[in-house]
Structures are given as C-alpha cells and as structure tokens.
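Colleague: Sequence order for the protein chains is A and B. Counting from 229, one number per residue, gives the positions in the first sequence under the working numbering. Counting from 4, one number per residue, gives the positions in the second sequence under the working numbering.
Rather than coming from a laboratory, the hints here were simulated on the basis of the structure. Predicted, not measured: the structure shown is a model, and the values here were computed from it. Glycine is no exception: its CB is placed at the ideal position from the N, C-alpha and C atoms. Among the hints, erroneous ones may be present.
To be verified - Calculated cross-link-like contacts (lysine-lysine; reagent style DSBU-like; alpha-carbon spacing at most 30 Å):
1. Lys-256/B x Lys-375/B
2. Lys-500/A x Lys-353/B
3. Lys-275/B x Lys-263/B
4. Lys-254/A x Lys-275/B
5. Lys-500/A x Lys-115/B
6. Lys-105/B x Lys-115/B
7. Lys-450/A x Lys-254/A
8. Lys-105/B x Lys-500/A
9. Lys-167/B x Lys-122/B
10. Lys-256/B x Lys-232/B
11. Lys-122/B x Lys-210/B
12. Lys-603/A x Lys-256/B
13. Lys-122/B x Lys-500/A
14. Lys-603/A x Lys-253/A
15. Lys-450/A x Lys-412/A
16. Lys-76/B x Lys-500/A
17. Lys-167/B x Lys-293/B
18. Lys-150/B x Lys-293/B
19. Lys-232/A x Lys-275/B
20. Lys-179/B x Lys-158/B
21. Lys-330/B x Lys-353/B
22. Lys-158/B x Lys-253/A
23. Lys-263/B x Lys-233/A
24. Lys-293/B x Lys-590/A
25. Lys-595/A x Lys-293/B
26. Lys-608/A x Lys-275/B
Said to hold, decoys possible - Label pairs and their in silico Cβ distance ranges:
27. Gly-219/B x Asp-499/A: 29 to 37 Å
28. Glu-266/B x Ser-606/A: 32 to 40 Å
29. Gln-321/A x Ser-74/B: 50 to 58 Å
30. Arg-282/B x Ser-246/A: 49 to 57 Å
Single-letter residue listing:
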Amino acid sequence: MYLKKECIAMLLAGGQGSRLYDLTKKTAKPAVSFGGKYRIIDFPLSNCINSGIDTVGVLTQYQPLALNDYIGNGEPWDLDRTRGGLSVLPPYQGQNGSDWYKGTANAIYQNIEFINQYHPSHVLILSGDHIYRMDYSLMLRQHIQNDAACTVATITVPIEEASRFGICNTREDGSIYEFEEKPKVPKNNQASMGIYIFKTQTLIDYLRIDEADESSSNDFGKNVIPNLLHNGEKLFAYRFDGYWRDVGTIASLWESNMDLISENPPISLSDKNFRIYSRNSARPPQFIGANAVVENSMISEGCRVHGKVENSILSGGVIIEECAEVYNSVIMEDVRICSGARVYNAIIDSDAVVENGGVVGKIGADKNDITVIAKGTSVKADISSGA
Amino acid sequence: MAISIAGIIFSSLNQNTLSRLTADRAVAAIPFACRYRLVDFCLSNFVNANVTNIYLIANYNYRSLAEHIGSGKDWDLARRSGGISLISPFQSAKDASAKLYKSRLEALRSMKDHINELKEEFVVLMDADTVLNINLHDVIAFHESTKADVTFVTKIIDVDYSSKNPRMMLTTENRKVTDIVLSSVYTEKNPELSLGIFVMRTTMLRKIIEQANAYGLNSLTELFFDSYKKQNYQSYCYGGYVATVSSFLDYYKHSIYLTKDSEAREQLIGQKEALIFTRVHNSAPTTYRKGARVSDSIIADDCIIEGTVINSVLSRGVVVRRGAVVKNSVLFQRTYVGENASLNCVVTDKAVHISDSVTLSGNENMPFYIQKGRRV
C-alpha cells in the first residue's frame, strides 16, 4: 500500500528518567502515572491524534515492558489504523549489527526507513516527558507558511531557570539566528521545548551528517539544531503559550500533580474538544464510604475510600481504609493504605501497602522533600518512612 | 474444541413498566450503578465465560444502545469471527404493517436464519433487565450433568417479593422443574423465580421455535408451560446478588441498595476476575473540592463535588455545587445541582439542571423522577 502523509510524528520515549529514581527503576519515564488515571505518554499521544496526526512512531529503549504493554497497538488513542497508526520502534538488530539508541538524533536516524514508508513532507519530533496540551497542526501550519527547514516550539520560562534549556534567540519575524544549549548566561528566556518539525529531506540529510560525525553526541539540541543553524538553514520558532511541565524530577512530578487540585487548575483534563485519552482498565466506579472525608482531591475509578484524603490524587483501585489519613500526596494504582496509617507529602508507587499504623513522609515537607515509596513496597508499622 | 456457546440478549421486554426510563432508550440502555448500562451485565457475563458470538436483539428506541455498543471493542467483541451483532427489527417490504417484536419468541422467529446458521453447540438466552454477575461456565456444567433439555437460572425469592409484571415461578424437585406458574408475588409453592436466563442446545432452540410455530404459540412462557411436564427442565439456583429491574421503583431501590450493601456491590461489580465491562469514555477523574462531604456513595468519573452527597449514585460529569445536599438519589450523566439545592429520593435523567436553592423530595417508595434535560 502506498501511503503519503503530510506529517508523521516520532515520539522519543526511550529515556531512563533517572531523576525519578525508584519510580523509574523498572519503568520508562513516559509510563509513569500522572493525574490519577493517566500516564505521561498519554499527553503527547493525545496531542497527536487531536492534531490530526494519525501516524506515530514511538521509540522505546529503557525498560520498555510496561510502556510497550501500555501502548499496545495504539487503540486507546485512536491510533490503531490500517493506513498509518502507531508503531513501537525498539532498537533492533540489522545487517550491520545491533545498536542501542545512542542519542535522540541517533534514535531517529536508525528509523529513517520507517519514516520513508509514509513519504511524509514533514516529521514532528516529540518527547514523552512532558505534561501539556498542544495542537501541533497550528505549529505545522506556521512551519509550512514560513517554508522553514525546521521549526522549534518554544516557551517562555522564568529567567532564573533559562540555563537549564536550549535558548533560542530570534529576530522579529520569529526566525532563529542563535541557539544556545544550556547557556551559563542566557540571552533571553525563550526555551526550546524539544519539539521540532522538520522538512523530511532536511531531517534525513542532517541526521546522516550527524551520524557520520564521530565526535557528535547525536543529540538534537546539542548537535543537529546548531548544525542546521551553522549551515544557514531556515529555522523558525513557534511560540507556545500554555501549561507545559517537564515532570522528570520527583519535585516537579509531585508539584504538577498538585497543580491539578489547585484553586484554578492550569491545565484542563476535561476538555471534550481535546480529550486526553488513556488505556482503560475496566474498574468499577469509586466508592466513598460512610466515614470517609475527601476534600480537595482527585479520585480515580476503582478506589474505595473509607478514611481521610486531603489535597491528594488517587490513581485507580486505591484503598484507603477507615482511620487512615492521606495528605498532600500522589497515590498510584492499587495501593492500600491500612487503618491507622498516615501518609504526608509523599508519592507512593503502585501496589505498595502502608500497613496499620505505618507513617510515610514528613508533615509540611516541601516539593524538594517528598518521600517516595517504591512499587510493591510494604511499609510496616514500626518503621516511620520519612525521607 | 471445548464447549461452544452462542449468546442471545433480549433488550426491550419491560418497555412499558419502565416507561419513565425508557421514553428515549431501550431497556438494555438504562444506566445502572453509575457507569454501566443494563446490557453491560449480560455482555460481560458472556465475555467472561468466553462466549463471544452474541446477538443483541434490539426493538424500540435502540439508537443510544447502538451508540453505546459501537463496534463492541470495549467488551472485546469487535471480531471478525463472531463478536456482537445488533439485530434490528425486521420489516419486509411486502408487509409494511409488520409490528415490532412483542415477545422473545417473536424476536427469535425473526432471526430464524441466524439461528439456523449457528455453529455453536449451546445457546444461552438472557434478558437485559436482569442484573447479575454470574459464572456461565458453572451453569453450562450443570446443564450438561443433568442432561437437561432446558436449564432455567433461578433465584429463591422471599415473602416480600413483588414485581410489576408477572414472571415465571418454578417448583422443583431435586432441581427438576415440576411446576410453572406466572406470578407477580411470592407464592409458597413456587419459590424459585426464573431470571430469564435459559440454557439449551442450539438444536433444542430450533426445535422450540418450530414447535411454537406448529402450535401457534406466542411466547416462550406459553411454550414452557406447555412442555415442562414432558421435558427435562432443570433449575440452576443462583445464590448471588440479582437485581430484576421490572419497574421504576425496582430500579430506584436496587440502585440505592448498592450504596448500602458492600457485599452485593463487591459481588456485582467488584470481582477482579469477572469485571463488568462498559463503553470507554475517557473522562477525567472526579474532583472533590473543599467543603465536599461525601459518604456511602458510588461516584463515576468527571464529577465535580463541592457539596454533600449521601447514599447516592452519581454518573459521569455530575456537578454538585457548594451547600447542595444530595441524599438517596440517583443522578444520571451531567446532572447539575446548584448551590444550596437539596435533593432527597430523586432520580434525575441525563443533563438535568437543578437551579440554586431548589428543594425536591420524593420518598423511598415514591422517588421523584425528572426527565432528560429538564431545568428545575
């Protein structure tokens, strides 16, 4: 079947997310739970389908089992298609031996044949690390209007944080004349979101050049984009103006979850015109018991709450027994908080149990001091697990 | 291959006795337990017993039912071989006056071709208005071991049983059916209520349809009356939770009961190995704001709760504003309850809007019903 797509997406979901420690010991970062019923990767995948992009290659590498299982054939995101659809792209063994993905650019380089199957005019490069809702078709329209070789999506960040990002220096028409990766002294605060749209041929040409350069670290931000700029290619910035969070640290993951239950949540999960899809696990509806107290919290399906839950987010199937209390925490799937247990300012990974009388976390701990309980852990009563 | 079973679900039997809830929808499409529709229980019972060739006989108002089912994907029934087939009413061009089916037998007659082509050895018939979570493998095993011609799944009822329309009640001896009556109340002699779930060989089903045609019988009930003395009818008595939804009051009582009895709730919708599947809606989790006071309630996704909710069932997207009190009520999708409003023993249909400070109170034996989309 000959297929021609205007734009396909390549989603880099292979990272380790090492700054999430226990949460990513056995799970790739994009598969980490967020907002009760979602996983981080639901956001870029939903963005794709909501933007009219029905062909997505998901590049996996680190601990892909949970992620691959979760993604499956893309059905939950309407990406199980005959003409296009979702494909999981792990590193593979070819004629010239096997190669892990050495960097973001190398990962795409190794999948040029996949891209060519769809003869796309443009390729959208995404990562699976961020929480945001974005209509990529608007960025694509601007990219086409500018006849850009590459368009970089940018967002304004607080100037104190600018040195953590790739900073774009642009002219009045939005064209980029300088790109500095993690500059010590940033010239402005227009940061690259790591979202790029390339003309397909440009992408392929520069990936080949990059692969041939032995000194390159095969990274888009460090190598490919600067190289395009260096060769005078037309680069434009597309300014994004919405909620966008890198949830790659415990602090930012906790804080972004807490954003959902703030007075005026900065991101909506209920927009029917731009749904966030996720894989459904057919749980029964939640039950709130006779003596439960649930305030300022978000509760997912399958939960059974008989105790106190304040300022927290509960994923599917969580059981809060009577006389258990949970404050300011993110509780992932199928966790059980037993009678008399207390949880403060923590992230508890799936299937863990906090036994009768167990205490997790520190009262009033701030975002940099969040206690994390690993998947499947059983927290006993006589050990207080403060961070 | 192991035992092969096909399933047939009747979706509209008690259209009349459930009038309020079926003005716009088939009985099978009535929402229940906040995130399901009645048909989900039949479908899930089938799917959990690996019955994947299923015919859903639609009759009246089946648009929302068809939309709910879609391709059958959410029940794992979107298949090339088998899967779910919606049998819409058949009206031939020659006989434009043909009426919609009035009985299960008429419905079966109209799908004679499908029944003749069934390759499965057994067929299980179910009514959408009977809500339960049953292991059909156990029933089939019983049917085989008793060499029954037809197995009736039944439930022992107690003295205060009553239903709006008469149903088959059986007397049995060692599980063999020795008497059948039609009754709407408990009778000492016939304490086993037929749940409208029948198991038989496919060949038997064909024979039944032929027999009914030959004798001019109009319903399965008539046929069973006629034949129980001569045939080996057996009763499989089911001990788990069953809700028969034959009237609006039944519907209300069963809904509220689930908020009070955790065992019934667990047995019906909480079994991990026998989940009830339903259409996926991709809604956000429910938010409980400051001041929310919720107890003994079953809540679906996408709700925003700022007020008080007690012993109630809230479907998707319900909003309960500050100061509002909702007690002993069943609120369908997207019901909006304004600030300081008060609802007691109320059933609101889809997208009902209760304005600020409105007070509505029914009574547990006469709950108040508000139609779809009404603003109060």
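Colleague: Each hint: holds or not?
Modeller: Here is how each hint holds up against the structure:
no., hint, verdict
1, Lys-256/B x Lys-375/B, "holds, 20 Å"
2, Lys-500/A x Lys-353/B, "holds, 17 Å"
3, Lys-275/B x Lys-263/B, "holds, 20 Å"
4, Lys-254/A x Lys-275/B, "holds, 25 Å"
5, Lys-500/A x Lys-115/B, "violated, 43 Å"
6, Lys-105/B x Lys-115/B, "holds, 16 Å"
7, Lys-450/A x Lys-254/A, "holds, 28 Å"
8, Lys-105/B x Lys-500/A, "violated, 39 Å"
9, Lys-167/B x Lys-122/B, "violated, 37 Å"
10, Lys-256/B x Lys-232/B, "violated, 36 Å"
11, Lys-122/B x Lys-210/B, "holds, 15 Å"
12, Lys-603/A x Lys-256/B, "violated, 41 Å"
13, Lys-122/B x Lys-500/A, "violated, 43 Å"
14, Lys-603/A x Lys-253/A, "holds, 9 Å"
15, Lys-450/A x Lys-412/A, "holds, 15 Å"
16, Lys-76/B x Lys-500/A, "holds, 21 Å"
17, Lys-167/B x Lys-293/B, "violated, 43 Å"
18, Lys-150/B x Lys-293/B, "violated, 61 Å"
19, Lys-232/A x Lys-275/B, "violated, 44 Å"
20, Lys-179/B x Lys-158/B, "holds, 14 Å"
21, Lys-330/B x Lys-353/B, "holds, 18 Å"
22, Lys-158/B x Lys-253/A, "violated, 51 Å"
23, Lys-263/B x Lys-233/A, "violated, 55 Å"
24, Lys-293/B x Lys-590/A, "holds, 23 Å"
25, Lys-595/A x Lys-293/B, "holds, 22 Å"
26, Lys-608/A x Lys-275/B, "holds, 26 Å"
27, Gly-219/B x Asp-499/A: 29 to 37 Å, "violated, 59 Å"
28, Glu-266/B x Ser-606/A: 32 to 40 Å, "violated, 27 Å"
29, Gln-321/A x Ser-74/B: 50 to 58 Å, "violated, 37 Å"
30, Arg-282/B x Ser-246/A: 49 to 57 Å, "violated, 39 Å"
The structure fails to meet hints 5, 8, 9, 10, 12, 13, 17, 18, 19, 22, 23, 27, 28, 29 and 30 from the earlier list, while all remaining hints are met.
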